[in-house]
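Student: Spelled out from the first residue to the last, the chains are:
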Amino acid sequence: MTPTILISSGVNHDGPRINAIQGENYVTGCIAFTELVDGAFKTISFESISTAKAIADNIGGPLVAAVMGAGVTATASQAKEYGADRILVADHEELKAGQLDACIAAAAQLVEKADPAVVVIGSTAMGKDIAARLSARLGAPLAMDCVAVRVENGQVVATRPMYGGKVLADVSLTGSPAIVAIRPRAMEAVAAEGAGEVEAVTVDLSGVRVTLIEKQMETGKIELTEADVVVTGGRGMGGNDYSVVEAWPRFWTVPWVRPAVPWTKAGGRFPIRSGKPARSWPPTCMWPAVFPVPFSTWPAWPPRVLSWPSTRTRMHRFSPNAISVSWMICSRSCRRSPPKWRS
Amino acid sequence: MMRWPLKKPENQNRLGRQRYGFSVGPEKAVEALRTALAMGADTAVRIDPEGKALDGLATARVLAGELKKGNFDLIIAGHRAVDDDNFQVGPAVAEFMDTPHISMVIAQTIGDGKIRCTRTIEGGTLVLETALPALITTQRGLNEPRYASLPGIMKAKKKPIDTRPLSATGTDPGDPMVKILALRLPPERKRGRVIDGDGPAAKAAALVKILREEAKVI
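Sequence order for the protein chains is A and B. With the first letter of the first sequence counted as 1, position 168 gets the number 168 in this note's numbering; the numbers rise by one all the way through. With the first letter of the second sequence counted as 1, position 194 gets the number 1194 in this note's numbering; the numbers rise by one all the way through.
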């Protein structure tokens, strides 16, 4: 990558087109980074290939998928089902999941090899690290956590949340390659046919300085950003016992999660800013708005003690200390209906 | 770059080094630096951008330029800014300084010229180790930031803040490559729906119908 790169505004060309002139070669095309877990692509991989395809269709040039990991060569060709023209595979023992520093080094070398105008990467824990360091290494603009991307007058324009999701910003990226990190579940993975030539790349990982000591994964649960349906419980649960919420989805056979922080530690509120978006705006069900169990289980379920609002009754019955009494008075006075005026 | 892992007095300053607070920002950044001083930082440095717009990468470049001048063992940054949510400055500073970094750290032990950190990833945690000097970015849960004591606050008010204008730092931040074109409010979240009915059985039936036919989740 030479630093002398020029992006034209697209006026000289038929239609919007990014043309970074590098020496005598036009720099076009996109590279999409994939992420694998236990030897299989994560959903974000296909989302990022599809996003890259949409951009590549607009600006021209090949769509390259980058696959990094240990023992991933067999899986890599799956990227062509989403339209990848070329698949660069960095297969190295050091690149197994969790070796972030090695992945960053490999990613930089893959970008150098593909020489794209746009880099698309999933804004996951690993993706964010790779994107931020790539951006600094290449002196390239970066938009993190994008929920939409478009090409406007030859420039990549990304939509991304700011101020903790309170505002959506459209940001333009000037420079090459433009790095777009997409938020998981924000884009749709669209199946498309691609040539999918698999090409093995030898990466040099001699400069890796961070070593992985241990990896601990929560087993038996689907990761939050991979889940299709999210069921949440909050203060209405009356404590840390989430067994009721956990029991629901078993009937429905859908994945489940619960907040990582128990409500007692989250100041009695559901920890909304966990830093891990499930979707942009997740559909949620809250206990106890509904009664979720097949009739056949009645009357064995649910346990009778779970009458709502359980928090309030329990506090009243067992711990009428100064705080709970004042809370009760406060909540009652707030809930009192406004005075009725007689006409 | 303001969150300091200063927990209990016995855990403070284990490296036995001076603690610096660094910030790139306008006059308003002084408040944050005063808090850092009150919470135990020895010196505070503010780099004044002199009205120049800096994107994440430019901020990182300026910070790295200044940090290179000091011989720091450990650089601690927040894992993201609360305004532009970029997740970029910390790792980018590490890249410019050519040091390793570990982001989103929730626990750390330091000693023997090495730092061992626990970081969060999707659905689990990693324990990573690297040699100092290094940069870590903090995630909620790393520690309980202690309260600034009243004497600390009074002392912090008197301490001078080393203000360095951008032009005097000798670092060229470069032109901003990321520009905000427009800001708008996100689409409003749809209201929750309360299902009415006579008794639990009818409500359940209504719910199952909605889940199957409208939401299509079962």
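FYI, nobody ran anything at the bench for these hints, they're computed from the structure. Check the hints yourself; a few may be wrong.
[To be verified] Within a straight-line C-alpha distance of at most 25 Å, the following computed DMTMM-like cross-link-like pairs (lysine to aspartate or glutamate) qualify:
{"no.": "1", "chain 1": "A", "residue 1": "Lys113", "chain 2": "B", "residue 2": "Asp1098"}
{"no.": "2", "chain 1": "B", "residue 1": "Lys1179", "chain 2": "A", "residue 2": "Asp170"}
{"no.": "3", "chain 1": "B", "residue 1": "Lys1190", "chain 2": "A", "residue 2": "Asp57"}
{"no.": "4", "chain 1": "A", "residue 1": "Lys166", "chain 2": "B", "residue 2": "Glu1188"}
{"no.": "5", "chain 1": "B", "residue 1": "Lys1216", "chain 2": "A", "residue 2": "Asp85"}
{"no.": "6", "chain 1": "B", "residue 1": "Lys1179", "chain 2": "A", "residue 2": "Asp85"}
{"no.": "7", "chain 1": "B", "residue 1": "Lys1028", "chain 2": "B", "residue 2": "Asp1112"}
{"no.": "8", "chain 1": "A", "residue 1": "Lys113", "chain 2": "A", "residue 2": "Asp85"}
{"no.": "9", "chain 1": "B", "residue 1": "Lys1158", "chain 2": "B", "residue 2": "Asp1098"}
{"no.": "10", "chain 1": "A", "residue 1": "Lys96", "chain 2": "A", "residue 2": "Glu112"}
{"no.": "11", "chain 1": "B", "residue 1": "Lys1114", "chain 2": "A", "residue 2": "Asp170"}
{"no.": "12", "chain 1": "A", "residue 1": "Lys113", "chain 2": "A", "residue 2": "Glu93"}
{"no.": "13", "chain 1": "A", "residue 1": "Lys96", "chain 2": "B", "residue 2": "Glu1066"}
{"no.": "14", "chain 1": "A", "residue 1": "Lys215", "chain 2": "B", "residue 2": "Glu1188"}
{"no.": "15", "chain 1": "A", "residue 1": "Lys166", "chain 2": "B", "residue 2": "Glu1031"}
{"no.": "16", "chain 1": "A", "residue 1": "Lys96", "chain 2": "B", "residue 2": "Glu1122"}
{"no.": "17", "chain 1": "B", "residue 1": "Lys1179", "chain 2": "A", "residue 2": "Glu81"}
{"no.": "18", "chain 1": "A", "residue 1": "Lys166", "chain 2": "B", "residue 2": "Asp1098"}
[Stated by the list, open to error] Covered stretches of chain B (in silico footprint by chain A; criterion: 3 or more residues with CB under 8 Å from a CB of chain A, positions within the stretch not fixed):
{"no.": "19", "segment": "1019-1026"}
{"no.": "20", "segment": "1029-1040"}
{"no.": "21", "segment": "1049-1059"}
{"no.": "22", "segment": "1101-1109"}
{"no.": "23", "segment": "1147-1157"}
{"no.": "24", "segment": "1161-1169"}
This one's a predicted model, so the numbers in the text were calculated from it and none came from an experiment. Beta carbons are placed, not taken as given, at the ideal position from N, Cα and C, and that holds for glycine.
Student: Looking back at the numbered hints, which does the structure fail to meet, lowest number first?
Tutor: Per hint list: 3, 5, 6, 7, 9, 11, 13, 14, 17, 18, 19, 20, 23 and 24 violated.
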